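Visitor: Heads up: the sequence lines are chains A and B, in that order. My numbering numbers the first residue of the first sequence as 1387 and each following residue consecutively. My numbering numbers the first residue of the second sequence as 3 and each following residue consecutively.
Be aware that one or more of the hints could be misleading.
Unchecked claim - Once the Cα atoms are required to be at most 27 Å apart in a straight line, the calculated DSSO-like pairs of lysine-lysine come out as:
#	chain 1	residue 1	chain 2	residue 2
1	B	10	B	20
2	B	127	A	1423
3	B	5	B	16
4	B	34	A	1499
5	A	1423	B	121
6	B	20	B	34
7	B	127	B	115
8	A	1423	B	5
9	B	127	B	97
10	B	5	B	17
11	B	10	B	34
12	B	16	A	1423
Derived by calculation from the structure, the hints in this document are not laboratory data. Because the structure is a prediction, the values reported are computed rather than measured.
Take a look at the letters that make up each chain.
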Amino acid sequence: MFLKALLFSFTAYATPPQFTILGEDEPAPFEGVLFNKRGIAELLVLPEEYRLECDLEVEYRIDVQATEFQLERQNFQIRLDALVQEYDLRVDQKDIEITALQEALLAQAPNNKWWWFVGGVAAGIGVTYVAYRGFSE
Amino acid sequence: MLKIDWLKVLGLAKKNWKEITIIVLLLTVIGKMHYDYRQLETAYETSQESLQNQIEGLQDIHAEELQRKEQALQNYREALDLLEREYEKERGEIKIVVDERIVEIETIIDNRKQFTENKQELADKIEDEFGFQYVP
């Protein structure tokens, strides 16, 4: 920590990166650009800095996308669970409803249906006969 | 005490048997209709109760779904915040690494006298890094 603080203080007061442009016949073999020590150091570090930042950016973007994908996946899972629950609920309620209606139907249906059949036929004959007598008089 | 003369009643019934038959049949039909109506009403109540249970169940499921989605969204936001903080922290670390590296290169240039006696070392570095050609 102390070393880093020292480093920062050192870099803060270091000579800033500088450059100058040299023309022909100035003490240089050709016209061009001259960098001071700080300038060339920063230039030499630049590719590594870009690599590190690129790696970090890629990692960050991938992590963000993974988090978004995780949310999307969770939402789908929640929706699926809800739909399964809804389906189970509807099926259960329909089963209960069917059972209740079946019980009502069974309560209505007579157990001795042959007696009812015979009684119905006899009542029909009787009513027909009575109607015949009634209308013929 | 009311005394019923059953003979008179029987005579009256024989005399008006058609009307009595019609009334009995009418009452039978009405009774049957009423019974069927009660059965239909029971079936309707059963369906209504089932639908009511379904509505209540669906409301519960929907509320639970919303709560779980809200929780998932909250987790997502927290995860994003954490990622953002780590990202900023690592950016700061990269800045420190870069600054350290700059100072290191400057120190090497000074120590190795790469601007005066060992120019080739610095030239090699520049050539390796950028592919520029060194012209002494």
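Visitor: All hints, please: hold or fail.
Guide: Results of checking the hints against the structure:
1. B:10 with B:20: Status holds; Cα separation ~17 Å.
2. B:127 with A:1423: Distance ~14 Å between residue 127 of chain B and residue 1423 of chain A Cα, so the pair holds.
3. B:5 with B:16: holds (20 Å)
4. B:34 with A:1499: holds (17 Å)
5. A:1423 with B:121: holds (13 Å)
6. B:20 with B:34: Cα-Cα ~21 Å, so holds.
7. B:127 with B:115: holds (14 Å)
8. A:1423 with B:5: violated (139 Å)
9. B:127 with B:97: Given pair residue 127 of chain B, residue 97 of chain B holds - Cα atoms ~22 Å apart, limit 27 Å.
10. B:5 with B:17: The given pair, whose Cα atoms are some 21 Å apart, holds under the 27 Å limit.
11. B:10 with B:34: With Cα atoms ~31 Å apart, residue 10 of chain B and residue 34 of chain B exceed 27 Å; violated.
12. B:16 with A:1423: violated (137 Å)
The structure fails hints 8, 11, 12 (numbered hints given earlier, in ascending order).
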